[in-house]
Amino acid sequence: MSKPIYQIVDELPTGGITVKLLQALDYVVPGQWQNIVGFDNTIRTVTGETDEGMIQKIGERAIFLYNDPNQGYQRALWIYETVGKGSGVLGAAALANKIGENISFLSFLDKITPKADKAQAIDLGVKLVAELVAFCKINGIPGDSIGDFVGSLADYSGESLMRMAALVTADALLPLGPDFIQKVESYVGGANPSELEQNGTFSQIQAEIPGSDTSSKQGFINQSWGAVADWMSSFVSSRGLTQESVVGNLKNYIDITDDRLDYVSAFLDVTTDYYQHTGVQTLARRLVERAVAEI
Amino acid sequence: MFRPKSTIILFFIAAIFMFTVAACFSNESNSRWANAQRESTSGAKPSPTLPTQQTASSNPARSSKPLPGGSFNKFFPAASDGYTTVASQEKGGFAEYKLKKDGKEMAMLSVSDTAANPEATQKFQGSARTISGYPAVEQGSTATAVLVDNRFQVKVLSRNPSFTKNDREAWLQKFNLAGIAGL
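First to last, the protein sequences are chains A and B. Residue numbers for the first sequence, in our numbering: 1 to 295. Residue numbers for the second sequence, in our numbering: 1 to 183.
Don't read these hints as lab results, they were simulated from the structure. We treat Cβ as the ideally placed atom computed from N, Cα and C, and that holds for glycine. Certain hints may be false.
[Stated by the list, open to error] Straight line, CA to CA, 16 Å or less: simulated EDC-like cross-link-like pairs of lysine to aspartate or glutamate: (1) A/Lys251 with A/Glu52; (2) B/Lys101 with B/Glu39; (3) B/Lys101 with A/Asp40; (4) A/Lys118 with A/Asp51; (5) B/Lys74 with A/Asp148; (6) A/Lys118 with A/Glu195; (7) B/Lys100 with B/Glu119; (8) B/Lys104 with A/Asp155; (9) A/Lys118 with A/Asp26; (10) B/Lys74 with A/Glu197; (11) A/Lys118 with A/Glu197; (12) A/Lys3 with A/Glu52; (13) B/Lys100 with A/Asp179; (14) B/Lys100 with A/Asp155; (15) A/Lys183 with A/Asp262; (16) A/Lys3 with B/Glu39.
[What the hints assert, rightly or not] Distance ranges between label pairs, derived from CB positions: (17) A/Gly240 with B/Pro68: 42 to 50 Å; (18) A/Gly147 with B/Lys174: 17 to 25 Å; (19) B/Ser80 with A/Asp51: 37 to 45 Å; (20) B/Asn59 with A/Ser233: 46 to 54 Å; (21) B/Gly70 with A/Pro178: 17 to 25 Å; (22) B/Gly133 with A/Gln7: 42 to 50 Å.
[To be verified] Some residues of chain B that are not near chain A, with every Cβ distance over 12 Å (derived): (23) Tyr83; (24) Arg129; (25) Ala170.
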């Protein structure tokens, strides 16, 4: 058994580079994200409840639900943690690859390290699917129709919407540029199954991705990406997001000395874990929402 | 008279005491939740079944296991009066919808099967209030709930100060409570 859920929520950081990154991205989804940390505090904030006896019961029920492995919450947390860790590893590989492109005698690195764009694109596609899988682990498949389910997904707000904002900016727009949607389509769609299997995040969470083999899992990633492509495209265009505007805002919070966007992206990749941070917050919120309804 | 052995023992007792106090104060949250953690990971059933609650059902053929959350969906209220509903969660024995108005979250609507948490029925015992004929309670400062057929808890939780206790009661009456009783 890993740490108790209350301890995981209590230990969420109130500062540091991950929190700075998320604060810097507030302009993308204004007012959506507050850094809610602490188990008691999460219960109070989510429910608006002030009755101490009630807060105790909500917390106890949430702990019970989390500790039941059949409920899916532990698996969802594992996905958020694993995707966060995979991101760090990729950051290191991407940096090594950039050196390989610039310095000829190190060009042999290309043979063992995937092209940065391709690695980024695969990682992005896998991250999106991880989000979908974690959503279903936490919330089930709500409603009686596909429309209900899509409506439930479209209702992303708070820390979940912030996680998507960070995904679109730090993992998509910055490293891959404004045509990131097409890049993921072509890189993930055109990848050999072995290239997918070599992706750290994919190899770790592949058992959770629907499909009997790597090719069918690849198909699922493509389908999922296709399903959210329009949403992502309008997310970027309606907010006027550009690589320059994102970096400009980041500079207000994080000391970025290099304007080269691929380096900035790789730097964020190895130094932040926004995915896990907001993932824990999403999980805690949903647990509390269910617990207060069931007690 | 100086007795070194007693001094050493006293020193150790004091050290253990100080260590324990420090541990308690260093993580107050842990002490608040530690019992729940222990009970839910020890294999002991944390919520004992309450026989008095389980015998009063009008449907003896009903499974004693929690029903699928999806079986509750069709009994939720439809969107009306400028409100919209968004499916939020659907797990074993539980379904929940958000109630929104002008894009703002106003309340949560839920149905839960108390077979998964029998303790939840206790608060309805002795309740003189009813809503649509079912025992009803206020819970904390944000929740109103009814117990349908001694089994299914239907609850409305305010998420906005303008969504009052009266609103909660009105929305509880919009559920198809008789339909839930027939499950």
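Checked hints:
Pair hint A/Lys251 plus A/Glu52 does not hold up; C-alpha atoms about 42 Å apart against a cutoff of 16 Å. With a C-alpha separation of about 40 Å, the suggested pairing of B/Lys101 with B/Glu39 is violated against the 16 Å cut-off. This hinted pair does not check out: B/Lys101 and A/Asp40 have alpha carbons roughly 28 Å apart, beyond 16 Å. Pair hint A/Lys118 plus A/Asp51 does not hold up; C-alpha atoms about 52 Å apart against a cutoff of 16 Å.
For the proposed pair B/Lys74 and A/Asp148, the alpha carbon gap of about 12 Å is at most 16 Å, so the pair holds. Simply put, A/Lys118 and A/Glu195 have alpha-carbon atoms about 9 Å apart, close enough for the 16 Å limit, and the pair holds. Distance hint between B/Lys100 and B/Glu119 is unfulfilled; the C-alpha atoms sit about 30 Å from each other, more than 16 Å. With a CA separation close to 11 Å, the supplied pair B/Lys104 and A/Asp155 stays within the 16 Å bound.
Distance hint between A/Lys118 and A/Asp26 is unfulfilled; the C-alpha atoms sit about 28 Å from each other, more than 16 Å. A threshold of 16 Å between alpha carbons decides the hint, and for B/Lys74 with A/Glu197 the separation of about 42 Å lies outside it, so the pair is violated. Straight-line distance between C-alpha atoms of A/Lys118 and A/Glu197 comes to about 13 Å, which keeps the hinted pair within the 16 Å bound. About 24 Å separates the Cα atoms of A/Lys3 and A/Glu52, which puts this hinted pair outside 16 Å; it is violated.
Restraint check for B/Lys100 and A/Asp179: the C-alpha separation of about 35 Å exceeds 16 Å, so the hint is violated. For the hint linking B/Lys100 to A/Asp155, the alpha-carbon distance of about 11 Å falls within 16 Å, and the restraint holds. Of the supplied pair hints, the one linking A/Lys183 and A/Asp262 holds, its CA atoms being roughly 15 Å apart against a limit of 16 Å. Taking the CA atoms of A/Lys3 and B/Glu39, the gap is about 15 Å. The hint holds against a cut of 16 Å.
The supplied range of 42 to 50 Å is met by A/Gly240 and B/Pro68, whose beta-carbon atoms lie about 44 Å from each other. Taken as a hint, the range 17 to 25 Å holds for the pair A/Gly147 and B/Lys174, whose Cβ atoms sit roughly 21 Å apart. Taking 37 to 45 Å as the suggested C-beta distance range, the pair B/Ser80 and A/Asp51 does not conform, at roughly 30 Å. For B/Asn59 and A/Ser233, the hinted distance range of 46 to 54 Å is satisfied, since their beta carbons lie about 51 Å from each other.
B/Gly70 and A/Pro178 have their C-beta atoms about 41 Å apart, which leaves the hinted 17 to 25 Å range violated. The given range of 42 to 50 Å is respected by B/Gly133 and A/Gln7, whose C-beta atoms sit roughly 44 Å from each other. Listed as outside the interface, B/Tyr83 is consistent with that label: its C-beta sits roughly 14 Å from the nearest C-beta of chain A, beyond the 12 Å cut-off. In this structure B/Arg129 is separated from chain A by more than 12 Å, as the shortest Cβ-Cβ distance comes to about 18 Å.
The beta carbon of B/Ala170 is kept farther than 12 Å from every beta carbon of chain A, the shortest such distance being approximately 18 Å.
The structure does not agree with the numbered hints 1, 2, 3, 4, 7, 9, 10, 12, 13, 19, 21 stated previously, though it agrees with the rest.
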